[in-house]
Structures are given as structure tokens and as C-alpha cells.
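Enquirer: Listed below are the residues making up each chain.
2 protein chains.
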Amino acid sequence: MSRSVPYQTLQAFVARVYERLGVPADHAQTAAEIAVAADLRGVDSHGVEMLPRKADYIRKGLINPKAGIKIERETPATALVNGDNGLGEPVSKQAMAWCIEKARAAGAGFIAVHDSNHYGIAGYYTMMALEHDMIGISMTNTTPITVPTFGRKAMLGTNPISVAAPTGASHPFVLDMATSIVPSGRMAVFRNLGKSIPAGWAIDSEAHAMNDPGEVTKMLYSRTGGGLLPLGGEGEEFGGHKGYGLTLVVDILSGVLSGAAFGPFVYPQKDGRPAPGNVGHFFGALAIEAFRPLAAFRQSMDELLGALKDAPKAPGHERIYIHGEKEFETEAARRRAGIPLHDQVVTNLMGLARDIGVEFDL
Amino acid sequence: MSRSVPYQTLQAFVARVYERLGVPADHAQTAAEIAVAADLRGVDSHGVEMLPRKADYIRKGLINPKAGIKIERETPATALVNGDNGLGEPVSKQAMAWCIEKARAAGAGFIAVHDSNHYGIAGYYTMMALEHDMIGISMTNTTPITVPTFGRKAMLGTNPISVAAPTGASHPFVLDMATSIVPSGRMAVFRNLGKSIPAGWAIDSEAHAMNDPGEVTKMLYSRTGGGLLPLGGEGEEFGGHKGYGLTLVVDILSGVLSGAAFGPFVYPQKDGRPAPGNVGHFFGALAIEAFRPLAAFRQSMDELLGALKDAPKAPGHERIYIHGEKEFETEAARRRAGIPLHDQVVTNLMGLARDIGVEFDL
Numbered sequence: 000m001s002r003s004v005p006y007q008t009l010q011a012f013v014a015r016v017y018e019r020l021g022v023p024a025d026h027a028q029t030a031a032e033i034a035v036a037a038d039l040r041g042v043d044s045h046g047v048e049m050l051p052r053k054a055d056y057i058r059k060g061l062i063n064p065k066a067g068i069k070i071e072r073e074t075p076a077t078a079l080v081n082g083d084n085g086l087g088e089p090v091s092k093q094a095m096a097w098c099i100e101k102a103r104a105a106g107a108g109f110i111a112v113h114d115s116n117h118y119g120i121a122g123y124y125t126m127m128a129l130e131h132d133m134i135g136i137s138m139t140n141t142t143p144i145t146v147p148t149f150g151r152k153a154m155l156g157t158n159p160i161s162v163a164a165p166t167g168a169s170h171p172f173v174l175d176m177a178t179s180i181v182p183s184g185r186m187a188v189f190r191n192l193g194k195s196i197p198a199g200w201a202i203d204s205e206a207h208a209m210n211d212p213g214e215v216t217k218m219l220y221s222r223t224g225g226g227l228l229p230l231g232g233e234g235e236e237f238g239g240h241k242g243y244g245l246t247l248v249v250d251i252l253s254g255v256l257s258g259a260a261f262g263p264f265v266y267p268q269k270d271g272r273p274a275p276g277n278v279g280h281f282f283g284a285l286a287i288e289a290f291r292p293l294a295a296f297r298q299s300m301d302e303l304l305g306a307l308k309d310a311p312k313a314p315g316h317e318r319i320y321i322h323g324e325k326e327f328e329t330e331a332a333r334r335r336a337g338i339p340l341h342d343q344v345v346t347n348l349m350g351l352a353r354d355i356g357v358e359f360d361l
Numbered sequence: 000m001s002r003s004v005p006y007q008t009l010q011a012f013v014a015r016v017y018e019r020l021g022v023p024a025d026h027a028q029t030a031a032e033i034a035v036a037a038d039l040r041g042v043d044s045h046g047v048e049m050l051p052r053k054a055d056y057i058r059k060g061l062i063n064p065k066a067g068i069k070i071e072r073e074t075p076a077t078a079l080v081n082g083d084n085g086l087g088e089p090v091s092k093q094a095m096a097w098c099i100e101k102a103r104a105a106g107a108g109f110i111a112v113h114d115s116n117h118y119g120i121a122g123y124y125t126m127m128a129l130e131h132d133m134i135g136i137s138m139t140n141t142t143p144i145t146v147p148t149f150g151r152k153a154m155l156g157t158n159p160i161s162v163a164a165p166t167g168a169s170h171p172f173v174l175d176m177a178t179s180i181v182p183s184g185r186m187a188v189f190r191n192l193g194k195s196i197p198a199g200w201a202i203d204s205e206a207h208a209m210n211d212p213g214e215v216t217k218m219l220y221s222r223t224g225g226g227l228l229p230l231g232g233e234g235e236e237f238g239g240h241k242g243y244g245l246t247l248v249v250d251i252l253s254g255v256l257s258g259a260a261f262g263p264f265v266y267p268q269k270d271g272r273p274a275p276g277n278v279g280h281f282f283g284a285l286a287i288e289a290f291r292p293l294a295a296f297r298q299s300m301d302e303l304l305g306a307l308k309d310a311p312k313a314p315g316h317e318r319i320y321i322h323g324e325k326e327f328e329t330e331a332a333r334r335r336a337g338i339p340l341h342d343q344v345v346t347n348l349m350g351l352a353r354d355i356g357v358e359f360d361l
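Taken in order, these protein sequences are the chains called B and Y.
So in the working numbering, spot 287 of the first sequence is number 286, and the numbers just go up one at a time.
So in the working numbering, spot 45 of the second sequence is number 44, and the numbers just go up one at a time.
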């Protein structure tokens with residue numbers, strides 16, 4: 000069961016919640032906009048569904064609502080930014096804006112962020128670059144729930160990577176992917192459908208395949224061992240070591256290079272209780288005109304993506320997708336018809352509104 | 000059957016071949032060094048095994064032995080480089096050196112190269128960054144032999160990505176991976192062992208799984224349809240669309256951004272004959288000190304990689320590997336004991352030496 004809510008209504012509600020929790024209006028607006036961007040694009044696990052958890056972190060003093068954003072080191076093409084343990088969205092939007100500014104002046108801009116928190120969908124930030132005729136890059140480390148190849152304990156995050164590039168006539172290219180075989184949010188999807196997950200997505204603490212999405216979620220939260228497998232699956236036969244390697248690359252750039260937490264130390268627990276996450280992010284922008292005339296780039300993109308879409312299809316398939324395409328279609332539909340919210344999500348949001356005393360109008 | 004050859008002897012032979020074919024001494028040395036680096040690290044498919052094919056391209060006028068390397072556009076942090084249809088190795092080494100120079104001055108350096116050819120192992124260039132206390136990035140597009148998700152015809156290359164990062168006490172981190180589920184060279188390995196390949200690596204032109212590595216190789220060269228599957232395999236269930244997306248990212252940065260060929264247009268055929276490849280590459284360097292004190296970075300890397308190595312192992316496994324580790328061990332062994340060359344490779348190299356009139360001493 001679900002209801003549909005206009006995205007503007009939802010966004011105003013999220014902003015209201017954050018403001019009530021002490022987040023300044025501009026940061027509250029940014030965090031609300033990025034949460035709703037996830038819901039608009041169909042990435043429901045990263046949208047308002049996360050709000051109660053984020054609110055809880057603020058209320059427990061684990062996220063600083065009044066975080067200041069500071070550049071700590073800077074060169075013409077790079078910077079290191081301190082997120083002051085605030086919400087991940089405002090510092091990330093600011094960091095990406097600085098990348099774009101640097102890329103305009105120096106051709107490229109790359110910024111690492113430490114002392115941050117969950118930043119929503121990686122693709123929000125890369126899409127910011129599109130409006131400036133740039134290629135955008137975004138990645139973040141996350142709670143450690145992914146098992147390394149030949150291991151049986153989660154040591155790394157689902158560490159997503161996003162890359163976006165402008166096109167001419169077609170939708171922009173927007174890759175936004177967890178480097179684990181599936182994101183953790185996929186468990187909830189399968190649980191809601193009452194379905195088992197395929198063998199090969201997750202293993203328990205003894206490295207046995209798991210089928211029950213509810214059990215997997217419980218295990219991931221408990222951090223007692225086991226976890227999701229990296230892209231490429233178990234072992235090396237189908238390239239699991241490559242997915243594991245990509246997960247590590249994201250952690251090296253987001254966590255190690257920024258001076259944030261990394262690997263098993265992200266979102267640490269102290270005496271069995273959660274402590275501040277010290278999440279790290281990494282952003283980049285490349286100015287296309289620094290390499291090639293923009294019109295030529297756009298035309299080549301259309302030729303490449305067009306050739307892919309026109310390629311012969313496998314039996315049973317009528318369409319070859321470009322990354323981001325499904326999400327742009329979902330977004331168009333949801334802008335018109337509203338964002339579908341599961342009853343459980345509505346209940347959770349209603350409870351949150353009551354607890355902190357803000358108007359509930361969803 | 001194979002013999003072992005000291006790497007210095009092998010490198011001198013390769014350089015001699017290139018010089019005999021009209022490549023200037025410094026470029027011949029570079030190409031030889033990078034070929035032998037592949038053999039030293041155990042990536043035999045990218046070492047001297049490729050020499051007869053590269054020599055053939057030069058002799059047929061498809062690769063320009065006397066290529067000039069030119070910067071065509073430049074900003075403080077970026078450049079566009081024209082490879083003048085020369086060997087991929089010299090222009091790539093030069094481009095990476097310029098990335099490092101730019102990163103020293105501006106924090107980051109990124110360079111796209113067009114009109115190049117096969118550049119050997121991606122990891123050679125990223126490892127150049129290590130000596131300068133930088134993170135290195137390298138990628139290239141390649142002959143189109145990978146099928147997009149829901150397709151049944153090869154449209155994209157195996158498009159490798161390499162990222163290298165320095166450490167403290169442990170081996171550096173060096174990821175070097177094809178974004179296809181396996182590199183094409185894996186077929187030869189299985190054929191030499193007389194083994195079938197697992198279902199899920201390659202499909203034929205009707206999208207049926209293939210088992211015979213020889214048949215796969217024949218199909219890939221004929222470019223009649225079918226191909227390797229992207230990392231994550233067929234369809235979307237195990238993330239094949241992610242591997243396909245990464246392959247596209249490499250092509251966008253290497254091919255589209257540089258103005259090289261891309262997708263199905265790399266190494267085109269004209270009237271059934273091969274034409275110049277117009278391969279594109281993309282390189283990057285990030286100066287660690289632009290973000291964080293080097294000693295702190297090294298220490299964090301050791302902590303992260305140490306935690307991974309110490310993590311509980313899956314049953315039947317005694318070791319969790321860090322990317323590059325196996326290759327560093329192979330390199331140490333081969334520096335001592337020589338590089339093993341299969342009889343077929345020796346025969347091919349002997350034939351080449353005779354054809355062009357250089358001394359054969361392997």
C-alpha cells in the first residue's frame with residue numbers, strides 16, 4: 000500500500016524537519032532537495048525513507064546540525080574540505096560547486112571531504128556538472144557491509160561511484176552504482192515483495208549463501224560477520240576481485256586521501272553504541288572544453304549512445320539502456336504523478352513529525 | 000613447453016625489433032620496457048606475445064613508427080595529446096609524465112590522448128605516479144569485443160582501468176582490471192590448458208553461452224557478433240549493467256573526451272581490412288600532499304590494507320589479497336628466474352626476427 004505525494008510537498012516537509020532539528024535554512028533546503036531527488040529518480044532507499052534515521056542521528060548528537068564547512072588545504076585544482084560532522088548533503092553540494100569552479104579555471108577540480116555523513120545519491124553531485132558542460136565524478140565510502148574476496152566478514156562499504164557526462168539530443172549519461180553486487184536497499188525491495196534473494200548476493204559469517212533478505216538486513220546492521228559480495232560475486236571466477244578492487248579505490252580516494260574513516264572504521268561503534276560516522280567523499284569535475292570543443296563532444300556522445308541503443312538485442316529484450324535513462328523516465332513520471340510512499344515510510348515520517356513537533360501534511 | 004629468458008635479454012630484443020622497424024631509439028626503449036613490464040608482472044597476454052602483431056601493424060603502415068607527440072590543448076591541470084598514430088606506449092608514458100608534472104604544480108593533472116594504439120598494461124602508467132607520491136589513474140579503450148547488457152553484439156572494448164596508490168610498509172595498491180568479466184587473453188590461457196571456459200564469460204551472436212575458448216577467440220577476431228560479457232555478467236541480476244557502465248565510462252573519458260574513436264569504431268575495418276586504430280587513453284595524477292600529509296596517508300593505507308589481510312577468511316582460503324600483490328610476487332620471481340616464454344611465442348618471435356632481419360638470442 001502506498002500513497003502519492005507531490006515532490007514539492009515532500010521536499011518542504013523534509014526541510015521543515017531539518018530546520019526543527021536546528022539545521023540552518025539553507026542546509027535544510029539542500030538536504031531536502033537531495034533526498035527528494037533520490038525519490039524522484041526512483042532510488043527510494045536513499046530518499047525520505049532515510050529521514051528518520053538521519054533525524055535520529057542529529058537528535059542523539061551524532062550529526063552536528065550546525066556544521067561549518069571549511070577548506071583546509073587548497074591548490075588550483077584540488078582541495079581538502081572538513082565537513083564538521085554535519086549532514087553529508089550540504090558539504091557535498093558545496094564541494095562539488097568548488098570542483099566546478101576549479102575546473103572552470105584550471106580544467107579540472109578534485110575535492111576530498113572528511114568528517115561527513117551519508118550524502119544521499121552519488122548521482123546528484125555528478126549531475127551538477129552537466130549544467131556547466133563538465134563531466135562529474137562522485138564517490139563516497141559507507142558503513143562496512145561488503146566482504147572482500149576470499150573473506151567472510153564485511154570490511155568495506157557498498158562504496159558507490161557516479162560519473163555523469165553531457166550528451167546532445169539524448170538523456171545525459173549518469174552512472175550511479177554501488178560497487179557491491181547490489182546496494183543494501185535491494186534487501187528491503189525483495190522483503191517487501193516477499194521474495195528470496197538470489198544465491199550470490201550475500202554470505203553469512205561462515206561464508207554460506209543467504210536467501211532471506213530480512214536475515215541479510217539484520218546481519219548487516221548487527222555487524223557480526225558476513226555481508227554483501229562485491230560486484231563480480233564470490234571468488235575470482237567471475238571477477239569478484241575486480242568489484243572488491245573498485246570498492247577499495249573508492250575508499251582510498253574518499254576515506255584515506257581525505258583523512259576520514261575508512262574500511263571497517265566508518266560509522267564505528269563505541270561500547271556497542273554508534274559514534275559519529277566520519278564518512279569521506281571524493282568529487283571531481285572535468286571541463287570538456289579543456290579537452291575538446293563542446294559541440295563535437297556532444298555529437299560523439301550521441302553517436303556512441305545511439306550505436307549502443309541500435310545494437311542487436313538479446314532474445315527476450317527489446318531495449319538496450321544507457322545509464323540514467325530509466326531514472327530520467329521515472330523522474331518525469333513522478334514529477335507529474337507524485338512520489339509513491341509506502342505506508343511504512345508514511346508511518347515512520349508521521350511518527351517523526353509528532354516526536355519533534357512539526358506539521359505533517361503528506 | 001616453455002623456456003626462461005632473462006628480462007634484460009627480452010627487453011633488448013624487443014627494442015631491437017622496434018628500432019629495425021623505424022621506431023626512434025628512445026621510443027623503442029620505452030615500448031620494450033613496457034612490454035617486458037607486462038611479462039614481469041605475469042600479464043603474459045600484454046607482453047612480448049603482442050610484439051608480432053604490433054610489428055605487423057607497423058609494417059603494414061597501420062602504426063606510424065616515427066610518430067610525433069603533440070600537446071594540442073592545455074590548461075594548468077589538463078591537456079589533450081595527439082599520438083600521431085604511433086605506438087601506444089611512448090605517448091602514454093609521456094602523457095603520464097605530464098600528468099605528474101601538472102599534479103606537482105596544480106594538485107591534479109589529467110590528460111586525454113587520441114590517435115594512439117594499444118598501450119600495453121594500464122598499470123605501468125599508474126605505477127609511475129607512485130615514485131612521485133601520487134595516486135595514478137590510467138584507462139584506455141580497445142578493440143570492441145564486449146557486449147552491452149541486453150545486447151548480443153560486441154560494441155565496446157574490454158576497456159581496462161588502473162588505479163595505483165602508495166602505501167607505507169606493504170606493496171603499493173595497484174588495481175589493473177578489464178571492465179569486461181575477463182580480458183580476452185584469458186581465452187588463450189584456457190585454450191593452452193585444454194579447458195572449457197565457464198558459462199557466463201562469453202555469448203555468441205544469438206546470445207547463447209559459449210564454452211570453447213578457441214571458438215570465442217575466433218569469434219572476437221571476426222567481429223561477426225557475440226562477445227565477452229561485462230563485469231557482473233549477463234543481464235542485471237548480478238550487476239552486469241554496472242560492468243557495462245564502467246566500460247562506457249572508460250570509453251567516454253578515453254575515446255569521446257579525447258576525440259579518438261570510441262565504441263564499435265575503435266580499430267575499424269575498411270573494406271574488410273584493418274585501418275589505423277585511433278585508440279584513446281586517459282591518464283590522471285593526484286598529488287597526495289595536496290590533500291593530506293604523505294606520512295599520514297601511508298599509515299592509513301597500511302591500516303586499511305592490514306585490516307583486510309587480517310580479516311577472517313572464507314573456508315578453503317588462507318589469504319585475502321590486495322590488488323597488485325600477486326603481480327609484485329610474480330615480478331620478484333621472474334626478475335630472478337627469467338620470464339617463461341611459451342614455445343609458440345618463441346616460434347612467433349623467431350619468425351619475426353628472421354622476417355625483418357634482427358638477431359634472435361632468446
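There could be a bad hint or two in this list.
Mimicking SDA-like on lysine to any residue, the simulated pairs with C-alpha atoms at most 25 Å apart in a straight line are [as the list claims (entries may be wrong)]:
id, chain 1, residue 1, chain 2, residue 2
1, Y, LYS65, Y, PRO273
2, Y, LYS59, Y, THR216
3, B, LYS312, Y, GLY199
4, Y, LYS194, B, GLU32
5, Y, LYS308, B, LEU293
6, B, LYS269, Y, ALA306
7, B, LYS194, B, SER44
8, Y, LYS312, B, LYS312
9, B, LYS312, Y, TYR220
10, Y, LYS312, B, PRO197
11, B, LYS325, Y, GLU236
12, Y, LYS69, Y, ILE99
13, B, LYS194, B, HIS316
14, B, LYS217, Y, GLU236
15, Y, LYS325, B, GLN268
16, B, LYS69, Y, GLU236
17, B, LYS312, Y, LYS217
18, Y, LYS269, B, GLY305
19, B, LYS217, B, GLY199
20, B, LYS269, B, PRO51
21, Y, LYS325, Y, ASP83
22, Y, LYS308, B, GLU236
23, B, LYS69, Y, TYR220
24, Y, LYS65, Y, ASP83
25, B, LYS69, B, ALA104
26, B, LYS59, B, ALA96
27, Y, LYS325, Y, ARG103
28, B, LYS308, Y, ILE99
Hints in this document: simulated from the structure, not taken from any laboratory.
Enquirer: A separate judgement is required for each hint: does it hold in the structure or not?
Expert: Evaluated hints:
Among the hinted pairs, Y:LYS65 with Y:PRO273 is consistent with the structure: their alpha-carbon atoms are about 20 Å apart, no more than 25 Å. Pair hint Y:LYS59 plus Y:THR216 holds up; C-alpha atoms about 23 Å apart against a cutoff of 25 Å. Of the pairs offered as hints, the one joining B:LYS312 and Y:GLY199 holds, with about 17 Å between alpha carbons and a cut-off of 25 Å not exceeded. A distance of roughly 54 Å separates the Cα atoms of Y:LYS194 and B:GLU32; the hinted pair therefore is violated under the 25 Å criterion.
For the suggested pair Y:LYS308 and B:LEU293, the alpha carbons sit about 46 Å apart, so the restraint of at most 25 Å is broken. Straight-line distance between C-alpha atoms of B:LYS269 and Y:ALA306 comes to about 18 Å, which keeps the hinted pair within the 25 Å bound. Using a Cα cut-off of 25 Å, the hinted pair B:LYS194 and B:SER44 holds, with the two alpha carbons roughly 17 Å apart. A hinted pair counts as satisfied when its Cα atoms are at most 25 Å apart, and Y:LYS312 with B:LYS312 does not qualify at roughly 41 Å.
Pair hint B:LYS312 plus Y:TYR220 holds up; C-alpha atoms about 21 Å apart against a cutoff of 25 Å. For the given pair, Y:LYS312 sits about 22 Å from B:PRO197 by alpha-carbon distance, which is consistent with the 25 Å threshold. Taken as a hint, the B:LYS325 and Y:GLU236 pair is honoured in the structure, with Cα atoms around 16 Å apart against an allowance of 25 Å. Annotation: proposed proximity of Y:LYS69 to Y:ILE99 holds, straight-line Cα distance about 17 Å (limit 25 Å).
Distance hint between B:LYS194 and B:HIS316 is fulfilled; the C-alpha atoms sit about 23 Å from each other, no more than 25 Å. Proposed proximity of B:LYS217 and Y:GLU236 is supported: the alpha carbons are some 22 Å apart, at most 25 Å. A distance of roughly 34 Å separates the Cα atoms of Y:LYS325 and B:GLN268; the hinted pair therefore is violated under the 25 Å criterion. Distance check on the hinted pair: B:LYS69 and Y:GLU236 sit about 41 Å apart at the alpha-carbon level, beyond 25 Å; violated.
A C-alpha spacing of about 22 Å is found between B:LYS312 and Y:LYS217, which places the hinted pair at or below 25 Å, so the restraint holds. Using a Cα cut-off of 25 Å, the hinted pair Y:LYS269 and B:GLY305 holds, with the two alpha carbons roughly 21 Å apart. At most 25 Å may separate the alpha-carbon atoms for a hinted pair to count; B:LYS217 and B:GLY199 meet this at roughly 18 Å. Under the criterion of a C-alpha separation no larger than 25 Å, the hint pairing B:LYS269 with B:PRO51 is consistent with the structure, at around 22 Å.
The straight-line distance between the Cα atoms of Y:LYS325 and Y:ASP83 is roughly 35 Å, outside the 25 Å bound, and the hint therefore fails. The hinted pair formed by Y:LYS308 and B:GLU236 meets the criterion: a straight-line CA distance of about 20 Å does not exceed 25 Å. Only pairs whose Cα atoms come within 25 Å are accepted, and B:LYS69 paired with Y:TYR220 is rejected, the gap being roughly 54 Å. Under the criterion of a C-alpha separation no larger than 25 Å, the hint pairing Y:LYS65 with Y:ASP83 is consistent with the structure, at around 9 Å.
Taking the CA atoms of B:LYS69 and B:ALA104, the gap is about 21 Å. The hint holds against a cut of 25 Å. Proximity of B:LYS59 to B:ALA96 is assessed by CA-CA distance (about 30 Å); at most 25 Å being required, the pair is judged violated. Proximity of Y:LYS325 to Y:ARG103 is assessed by CA-CA distance (about 30 Å); at most 25 Å being required, the pair is judged violated. Distance check on the hinted pair: B:LYS308 and Y:ILE99 sit about 38 Å apart at the alpha-carbon level, beyond 25 Å; violated.
This entry does not satisfy hints 4, 5, 8, 15, 16, 21, 23, 26, 27, 28, going by the numbered hints stated previously.
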